[in-house]
Amino acid sequence: MKLRGWVNSKRELGGIVFIEILPENSLGLVTVVVKKKESPQAWEVAKGVKLGSAILVEGTYPPISLSKRGREFKADKLEVISTPRAPLPVDLTLKTGIHFDTRLRYRYLLLRTKEERALFKIRANVLKIAREFLEKKGFLEVNTPKICGAGAEGGATVFELEYFGRTAYLAQSPQLYKQMLMTGLTKVYEITPYFRAEKHHTTRHLNESWAIDLEMGFIKGMEDVMEVLEELVCHIIEGVRKECEEEIEILGVEIDSPRRPFARLKYDKVLEILNEEGIHIEWGEDLGDAEERALGKVMKNEGYNLYFITHYPWKTKPFYIMKEDGLSRSFDLDYKGLEISSGGQREHRYEELIKNIREKGLNPKDFEFYLEAFKYGMPPHGGWAVGVERLLMKMLNIDNIRETILFPRDIQRLIP
RNA sequence: GCCCGCGUGGUGUAGCCCGGUCAGCAUGGCGGCCUGUCGAGCCGCAGAUCCCGGGUUCAAAUCCCGGCGCGGGCGCCA
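Numbering-wise (this note's numbering), the first sequence opens with residue 62 and increments by one.
You may find that some hints are simply not true.
To be verified - Mimicking DSS-like on lysine-lysine, the simulated pairs with C-alpha atoms at most 30 angstroms apart in a straight line are:
{"#": "1", "residue 1": "Lys197", "residue 2": "Lys260"}
{"#": "2", "residue 1": "Lys135", "residue 2": "Lys97"}
{"#": "3", "residue 1": "Lys327", "residue 2": "Lys416"}
{"#": "4", "residue 1": "Lys260", "residue 2": "Lys207"}
{"#": "5", "residue 1": "Lys182", "residue 2": "Lys135"}
{"#": "6", "residue 1": "Lys63", "residue 2": "Lys98"}
{"#": "7", "residue 1": "Lys111", "residue 2": "Lys97"}
{"#": "8", "residue 1": "Lys384", "residue 2": "Lys426"}
{"#": "9", "residue 1": "Lys397", "residue 2": "Lys260"}
{"#": "10", "residue 1": "Lys436", "residue 2": "Lys426"}
Stated by the list, open to error - Distance ranges between label pairs, derived from CB positions:
{"#": "11", "residue 1": "Lys96", "residue 2": "Glu400", "range": "55 to 65 angstroms"}
{"#": "12", "residue 1": "Asn362", "residue 2": "His160", "range": "34 to 44 angstroms"}
{"#": "13", "residue 1": "Glu338", "residue 2": "Leu222", "range": "40 to 50 angstroms"}
{"#": "14", "residue 1": "Pro148", "residue 2": "Ser128", "range": "23 to 33 angstroms"}
{"#": "15", "residue 1": "Thr263", "residue 2": "Thr377", "range": "13 to 23 angstroms"}
{"#": "16", "residue 1": "Glu292", "residue 2": "Glu315", "range": "51 to 61 angstroms"}
{"#": "17", "residue 1": "Asp152", "residue 2": "Leu117", "range": "22 to 32 angstroms"}
{"#": "18", "residue 1": "Asn424", "residue 2": "Thr263", "range": "28 to 38 angstroms"}
{"#": "19", "residue 1": "Ser128", "residue 2": "Leu222", "range": "51 to 61 angstroms"}
{"#": "20", "residue 1": "Glu338", "residue 2": "Lys376", "range": "21 to 31 angstroms"}
Please keep in mind that the hints were generated in silico from the structure rather than gathered at the bench. Even for Gly, the Cβ is constructed at its ideal location relative to N, Cα and C.
Work out the full structure: start from the sequences and follow the hints.
This is how it looks when you write it as structure tokens:
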């Protein structure tokens with residue numbers, strides 16, 4: 062048998078050497094045992110092996126493993142594939158502490174620990190499960206441009222860049238494009254990064270984040286898309302529970318099955334609930350982080366980790382959301398007090414859409430390429446986007462969103 | 001943008017309040033001993049212009065000012 066991995070720790074006792082590795086993509090620690098008497102050549106190599114080396118071990122798993130940490134592996138041959146040219150900047154046995162910043166800086170080295178590896182395996186699984194689910198439901202995966210000619214839809218600030226002498230912007234969302242596709246397809250989704258140029262300093266914002274974005278045509282109302290969202294989120298959570306048992310155990314978290322159907326609270330009702338909690342919000346105001354957290358507590362007591370907040374005042378929502386009596390056909394999905402998704406039914410009627418754009422103080426001229434698509438038989442449609450990092454942080458009880466993405470982009474971090 | 005906190009060998013920290021030893025400890029590194037370690041142990045060695053700049057002082061890691069870096073809160077955030 063052959064094992065490949067990196068040396069995380071080594072203990073030398075005269076004629077016997079113990080080397081701990083986390084083989085390749087596995088989560089199971091292995092203690093390689095090399096004895097002088099039994100394999101003198103391997104012992105010679107083992108003695109000189111440096112922490113952090115990439116090694117190839119040939120040997121067997123003995124019937125009895127005496128090691129307390131990791132399954133024992135008896136080495137017959139040991140080869141150093143790559144020797145570090147400097148001591149490791151971090152302690153991969155995690156005995157010595159590590160600053161958050163250092164951890165992010167050496168993310169790639171931390172992937173040699175089972176904790177960090179488990180996290181990113183779960184992340185990969187979330188996307189895999191989502192893809193499988195949506196494919197099965199008949200959604201088509203699409204890819205829309207991330208370099209865009211039109212500016213903001215209002216709201217979040219966009220990053221500007223120079224594009225052959227013209228100004229271009231990094232996509233703040235695939236929203237407009239996926240809507241345009243509704244004239245030719247009825248069920249699409251995209252797994253994509255978003256770019257937002259906001260200077261926030263919080264544990265729940267990134268300047269580059271990923272989302273699962275979906276849009277559906279010929280809907281009767283927003284409930285149609287809410288159902289898909291609820292199903293997807295449950296599928297992901299249950300899927301992770303089932304497929305990532307080992308990862309979950311390593312991270313030491315408990316992931317609860319969501320109570321279904323998710324609660325559906327109207328904005329007005331949320332204001333009432335908050336009022337009872339002593340938090341007073343003016344009607345028409347959006348919910349802030351403190352309010353969302355307070356609501357999360359209340360809902361938790363009701364047995365809901367996940368719940369929809371619907372019918373926000375239209376003024377808090379973007380122009381493409383359908384208006385109804387001053388309210389909007391929109392919803393947010395909150396997970397443990399944090400918004401992980403928002404969506405709604407879109408305005409598909411050309412004239413109404415133009416009115417909406419004007420009402421938001423935007424110029425319809427700037428949206429011609431988009432509006433054009435609404436001239437030729439645009440069906441009623443709606444959709445949503447789920448923030449991958451936020452879903453992960455709430456599912457795994459992670460405090461800082463930066464932990465959930467390999468190389469986070471925030472106001473100070475552009476490298477690595 | 002505003003506010004709070006932190007910055008000491010590669011890594012993680014003590015010392016800072018109340019200025020005055022070769023800046024202590026752990027881990028990692030190097031060398032040595034050890035055939036069951038597993039936070040291995042034991043002996044020895046090396047490793048820090050105490051984030052940067054300025055100021056106060058006989059004397060600054062320590063006090064003051066400015067800057068930079070990082071964490072967080074508020075704001076911002078379809």
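*Quick one: are Glu338 and Lys376 within 21 to 31 angstroms, going by C-beta?*
About 24 angstroms separates the Cβ atoms of Glu338 and Lys376, which means 21 to 31 angstroms holds.
*CA of Lys63 to CA of Lys98, is that 30 angstroms or under?*
holds, 21 angstroms
*Is the distance from the Cβ of Asn362 to the Cβ of His160 consistent with 34 to 44 angstroms?*
Hint holds: Cβ distance 36 angstroms, inside 34 to 44 angstroms.
*Return holds or violated for the Cβ distance of Glu292 and Glu315 against the range 51 to 61 angstroms.*
violated, 22 angstroms
*Taken at face value, is the distance from the CA of Lys207 to the CA of Lys260 at most 30 angstroms?*
Holds, because 20 angstroms separates the two Cα atoms, which is no more than 30 angstroms.
_Given the hinted pair Lys327 and Lys416, is their Cα-Cα distance within 30 angstroms?_
Cα-Cα ~25 angstroms, so holds.
*Straight-line Cα separation of Lys197 and Lys260 no greater than 30 angstroms?*
The given pair, whose Cα atoms are some 39 angstroms apart, is violated under the 30 angstroms limit.
_Distance restraint hint 22 to 32 angstroms, applied to the beta-carbon atoms of Asp152 and Leu117_ = The hint (22 to 32 angstroms, Cβ to Cβ) holds, given that Asp152 and Leu117 are roughly 24 angstroms apart.
*asked:* Is 40 to 50 angstroms respected by the C-beta to C-beta distance linking Glu338 and Leu222?
replied: With Cβ atoms ~44 angstroms apart, the hint holds.
*Restraint status (C-alpha distance of Lys111 to Lys97 at most 30 angstroms)*: holds, 18 angstroms
*Range hint 13 to 23 angstroms (beta carbons of Thr263 and Thr377) holds or violated*: Holds: the Cβ-Cβ distance is about 19 angstroms, inside 13 to 23 angstroms.
_C-beta pair Ser128, Leu222: status relative to the range 51 to 61 angstroms that was hinted_ = Roughly 54 angstroms apart at Cβ, these two residues keep to the hinted range, so it holds.
In summary, the structure is inconsistent with hints 1, 16 from the numbered list given earlier, while agreeing with the others.
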